[in-house]
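**Student:** So the chains spell out like this:
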Amino acid sequence: MTQHTEDAAAAAASASARDSRFRAKMVGAYAPIALTAITAVITATWIPALPDPIAVHWSGDTPDGFGTAWLFVLTPLLVCGLFGVFVTAAARPTPAGLLTASQKLVLVVSIGLAGLLSIGLGGTLWVQRGLENAADASGGAIWMLWGLLAGVALAVSAWFFLPKSDTTRVVGEAPRPLDLAPTERVSWSRSIALSRGARLALIVAVGLAFAGLLVVAASGSRAGIAVALAAFVLLVGLGVATTRWRVTIDRRGLVVRSALGWPRITIPVEQVRDVTVVDVTPIADFGGWGWRWSADGRRGIIVRAGEAIQVTRTSGPAFVITVDDARTGAAVLAGVRSPR
Amino acid sequence: MLIRLDPASATPLFDQLAGSIRASIISGRVAAGERLPAARDLATSLDVNVHTILRAYQELRDEGLIELRRGRGAIVASAPRDFGDLTAAIDSVVAEARASGVPPAALAALIREAYQ
Numbered sequence: 000m001t002q003h004t005e006d007a008a009a010a011a012a013s014a015s016a017r018d019s020r021f022r023a024k025m026v027g028a029y030a031p032i033a034l035t036a037i038t039a040v041i042t043a044t045w046i047p048a049l050p051d052p053i054a055v056h057w058s059g060d061t062p063d064g065f066g067t068a069w070l071f072v073l074t075p076l077l078v079c080g081l082f083g084v085f086v087t088a089a090a091r092p093t094p095a096g097l098l099t100a101s102q103k104l105v106l107v108v109s110i111g112l113a114g115l116l117s118i119g120l121g122g123t124l125w126v127q128r129g130l131e132n133a134a135d136a137s138g139g140a141i142w143m144l145w146g147l148l149a150g151v152a153l154a155v156s157a158w159f160f161l162p163k164s165d166t167t168r169v170v171g172e173a174p175r176p177l178d179l180a181p182t183e184r185v186s187w188s189r190s191i192a193l194s195r196g197a198r199l200a201l202i203v204a205v206g207l208a209f210a211g212l213l214v215v216a217a218s219g220s221r222a223g224i225a226v227a228l229a230a231f232v233l234l235v236g237l238g239v240a241t242t243r244w245r246v247t248i249d250r251r252g253l254v255v256r257s258a259l260g261w262p263r264i265t266i267p268v269e270q271v272r273d274v275t276v277v278d279v280t281p282i283a284d285f286g287g288w289g290w291r292w293s294a295d296g297r298r299g300i301i302v303r304a305g306e307a308i309q310v311t312r313t314s315g316p317a318f319v320i321t322v323d324d325a326r327t328g329a330a331v332l333a334g335v336r337s338p339r
Numbered sequence: 000m001l002i003r004l005d006p007a008s009a010t011p012l013f014d015q016l017a018g019s020i021r022a023s024i025i026s027g028r029v030a031a032g033e034r035l036p037a038a039r040d041l042a043t044s045l046d047v048n049v050h051t052i053l054r055a056y057q058e059l060r061d062e063g064l065i066e067l068r069r070g071r072g073a074i075v076a077s078a079p080r081d082f083g084d085l086t087a088a089i090d091s092v093v094a095e096a097r098a099s100g101v102p103p104a105a106l107a108a109l110i111r112e113a114y115q
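Just so you know, the protein sequences line up as chains A and B, in that order.
Quick note: the first sequence uses numbering that gives the first Met the number 0, first residue 0, plus one each step.
Quick note: the second sequence uses numbering that gives the first Met the number 0, first residue 0, plus one each step.
These aren't lab readings, by the way, just hints derived from the structure by calculation.
Any given hint might turn out to be false.
Label pairs and their computed distance ranges (CB to CB) [what the hints assert, rightly or not]: (1) A/R312 - B/A22: 25 to 35 Å; (2) A/V232 - B/D46: 34 to 44 Å; (3) B/D46 - A/A10: 52 to 62 Å; (4) B/A22 - A/G80: 50 to 60 Å; (5) B/A107 - A/V232: 48 to 58 Å; (6) A/E269 - B/A9: 27 to 37 Å; (7) B/A22 - A/K163: 44 to 54 Å; (8) A/L259 - B/S99: 43 to 53 Å; (9) B/A22 - A/A95: 39 to 49 Å; (10) B/I89 - A/G305: 24 to 34 Å; (11) A/P262 - B/A113: 48 to 58 Å; (12) A/P262 - B/D46: 22 to 32 Å; (13) B/A22 - A/A204: 37 to 47 Å.
Predicted, not measured: the structure shown is a model, and the values here were computed from it.
The C-beta atom is built at its ideal place from N, Cα and C for all residues, glycine as well.
Isolated chain B (complex conformation) (with noise of 0.2 Å):
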C-alpha cells in the first residue's frame, strides 16, 4: 500500500492520509483482509505523529473500509464496497483527461469543484 503526504499542502495531514489509503481500496491495489501497517509503524515511517494516523484509521473504519481490531491492528474490510464501476470511470476519465491535455492538478481541482 503506497501512502504519499505532503506537510506542505493546505490538506491537514491526517485526511491526506486516509485519502491516500482510501485510493488503493478502492482501486483494488490493497486486498480485503490484508493487514495495514500498525499505527505506531507507520507514524515511524511517516515521520508524522501516531494520534494523526489513529485519526485517519477511525475515519476509514467509520467507513466501512476497514476492522480495528484490538490487538490485531487494522484490516481491510472482507466485504468492502464493490466500487469496480467507480473504477472503471475514473480510467476513462483519465484517459479523455490525458487526451485532452490535462495535467493531474487541474483534473482534480475541476473533480474537487463538481462536488461542491
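Chain A on its own, in the form it takes in the complex (with noise of 0.2 Å):
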C-alpha cells in the first residue's frame, strides 16, 4: 500500500471512529437521559393531583404495595443518568472505527431501559391522577407491558441507528509451544480473583437488590418476598461462586474452577484445536465480567482487563479466560497439545 492510500485509509477509520463515537454518546447516554429527565418535569406536575402515598405495586389489578409519588417520579433519571454514563464510557470504537456487539448490547440496553422505565413508571402516576385514596387505582400494572414493549421497540430501531458490528475476528498470537522431553510431566497454574472494581460493582449490585428485598418485604405479599428472597440468594450465590477461580493446565487439557469447586469448566487436551494470548477489554468484548457469553460467540471467564488466554475447540465456541503470565499458560497447553 502506498503512503497516500494507507493515510486515506486512516482518516476514513478515524471519521467512523468519531461517528461511532457520536452515535454511542447518543444511544447511551443523551437520548435515555433527555427521555428520561422530560418524564421525570411531567410526572412531577402530576404530583398536586396524585394521592399520598401513591400505589407502586400491584397484584393482579389491585394495589398492594403503596410509598411516595417521589420514587417514581425520579427513579428513571437516576437509574438511566447512571447507567448512560457508565455504558457509555465503555463505548470506545475499535481499531477499524466500529463498535463491537457487545458495546451496541450493552448501548441499547440503556436506552430501553429509559423507555421501560418511563413509560412503566409514568404510565403508573398517570393512572392515579385525581384519586383520593391510592388503594382505588386500577389499571397500573398494565403499563409495566406497554413499558417492555417501548423499551424493547426503542432498543431494536437504536441498534439499527448504531453503526454495524465489527465483526473482525480475535486471532491473539500465538505462544512458542513449550519443549518437553517424551517422560516429562508438566502443570502450570495460577488463582485469579475479580478485580477491584468489578468486586465494587458486585457488592453494589448485591446493596440494590438487597434494598429491593427489603421494600419487598415492606409492601409485598407473601410469595412476592418468596421470590425476591430465592433471587437474592441467587445473585449472592453466583457472586460468590464467581469470584475467585484457579487456573490449571496441565497433560490433561485446561480446567478453571470457582475456588468453591463448582461451576467448573474443562477443556481436554484432544479438544484443543489452538491455543493463542489475546487482550481483553471486559465491557467491549464480554459486556462486563465474571463468567460470560460474548456476542461474538467467546465464552470467557473474565476477571480483569488485559493478557488472557484464547482456546478454540475443534467443536464448539471459543474460550477465553483472563489470567496472569497468559504466555507461559498457553505455551504449556500449547506443549502438551503438540505430539511428543
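Fit the two chains together into the complex; they arrive one by one in their own frames, and the hints show the way.
**Tutor:** The structure is reproduced here in C-alpha cells:
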C-alpha cells in the first residue's frame, strides 16, 4: 500500500470512529437522559393531583404496595443517568472505527431501560391522577407491559441507528510451544480473582438487591417475598462462586475451577485446536466481568482487563480466560498438545 | 506457577518439585500471598503420589519460602528473602553462557560442580 492510500484509510477509520462515538453517546446517554428527564418534569407536575401515598406495587390489578410519588418521578432519571454514563464510557470504537456487538448490546439496553422505566412508571402515575386514595387505583399494572414493549421497540431501532458490528475475529498471538521431553510431566496453575472495580460493582448490585428485598418485604405479598428472597440468595451465591478461580493446565488439558469447586470448565487436550494469547477489554469484548457469553460467540471467565489465554476448540465456541502470565500458560497448553 | 518433573531423571521427584517451585518464587514469577495448588490437586495434575507433593511443600516451608496453613493450603510467604541480586546474577550468567554457546545442561552441571 502506498503512503497516500494508507493515510486515506486511516482518515476514513478515524472519521467513522468519530461517527461511532457520537452515535454511541446518543443511544447510550443523551437520548435516555433526555427521555427520562422529560418524563420526570411531566410526572412532577402531576404530584398535586396524586394521592399520597401512591400505589407502587400491584397484585393483578389491585394495588398491594404503597410509597411516595417522588420515588417514581425520579427513579427513571437516576437509574438511566448512572447506567448511561457507565455504558457510554465503555463504548470506545474499535481500530476499524466500529463498535463490537457487546458494546452495541449494552448501549441499546440503556435506551431500552429508559423507555421501560419512563412509560412503565409514568403510566402507573397517570392512572392515579385525581384519586383520593391510591387503594382505589386500577389499570396500573398493564403500563409495565406497555413500558416493556416501548423499551424493546426503542432498543431495536437504536441497534440499527448504531454502526454495524465489528466482526473482526480476535486471533491473538500464538505462543512458542513449551519443549517437553517424552517422559516429562508439566503442570501450570494460577489463582485469579475479580478485579477491585468489578468486585465493587458486585457489592453495589448485592446492596441494591438487598434494598429491593426490604422494599418488597415491607409492602409485598408472601409469594413476592419468597421470590425476592430466592433471587437475592441466587445473586449472592453466583457472586461468591464466580469471584475466585484456579486455572490449571497439564497433560489433561485446561481446567478452570471456582474456589468453591463449582462451576468448573474443562477443555480436554484432545479438544484443543488452537491456543493464543489475546488482550481483553471486559465491557467491549464480553459486556462485563464474570462468567460471560460474548456477542461474537466466545465464552469466557473475565476477572479483569488485559492478557488472557484463548482456546479454540475442535468443536464449540472459543474459550477465553484472563490470567496473569498468560504467555507461559498458553505455551504449556501448546506444548502438551503437540505430539512428542 | 510452572512445574516440570521428569521421572526419567536421577533426581528424586520431590526434589525436582521443590526446585521448580523454588525457582518460581525466587524469580518473582509467583507473587507473595499467591496460593499454591492444593497438594491433592497438584498430585493428580502431575500424576504423582500426594506424599511427594507434601514432602516438597514441607521442604519449602522449612526454607521459609511458603507457609502451610491448615485448611488454607500452601501460600507463598509474605516476606520471602530478597533474591534481587541473585536473579540479576543469574541473568548475567545465562547471557554469558548464551554468548559462549554453553547449553543449559552444561551450565547447570558447571554450577552444580562449583557448589561441591
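**Student:** Given the hint of 34 to 44 Å, is the C-beta distance from A/V232 to B/D46 inside that range or not?
**Tutor:** 39 Å, holds
**Student:** For the range 39 to 49 Å, tell me whether the beta carbons of B/A22 and A/A95 fit it or not.
**Tutor:** 43 Å, holds
**Student:** Between the beta carbons of A/E269 and B/A9, is the distance compatible with 27 to 37 Å?
**Tutor:** Taking Cβ atoms as reference, A/E269 and B/A9 lie about 32 Å apart, which means the hint holds.
**Student:** For the hint 24 to 34 Å, verify it against the beta carbon of B/I89 and that of A/G305.
**Tutor:** 27 Å, holds
**Student:** Is the gap between the beta carbons of A/P262 and B/D46 within 22 to 32 Å?
**Tutor:** 25 Å, holds
**Student:** Is it true that A/L259 and B/S99 lie within 43 to 53 Å of each other by Cβ?
**Tutor:** Taking Cβ atoms as reference, A/L259 and B/S99 lie about 52 Å apart, which means the hint holds.
**Student:** Kindly confirm whether 37 to 47 Å is satisfied by the beta carbon distance between B/A22 and A/A204.
**Tutor:** Given a distance of about 41 Å, which is inside 37 to 47 Å, the answer is holds.
**Student:** Okay, A/R312 versus B/A22 on CB: inside 25 to 35 Å?
**Tutor:** 32 Å, holds
**Student:** Confirm or reject the claim that B/A22 and A/K163 have a C-beta distance inside 44 to 54 Å.
**Tutor:** 50 Å, holds
**Student:** Are B/A107 and A/V232 spaced within 48 to 58 Å by their CB atoms?
**Tutor:** 56 Å, holds
**Student:** Using the C-beta atoms of B/A22 and A/G80, is the stated range 50 to 60 Å upheld?
**Tutor:** Given about 53 Å between the Cβ atoms, the range holds.
**Student:** Does the Cβ distance between A/P262 and B/A113 fall inside 48 to 58 Å?
**Tutor:** The hint (48 to 58 Å, Cβ to Cβ) holds, given that A/P262 and B/A113 are roughly 50 Å apart.
Going through the hint list in order, the structure satisfies each hint without exception.
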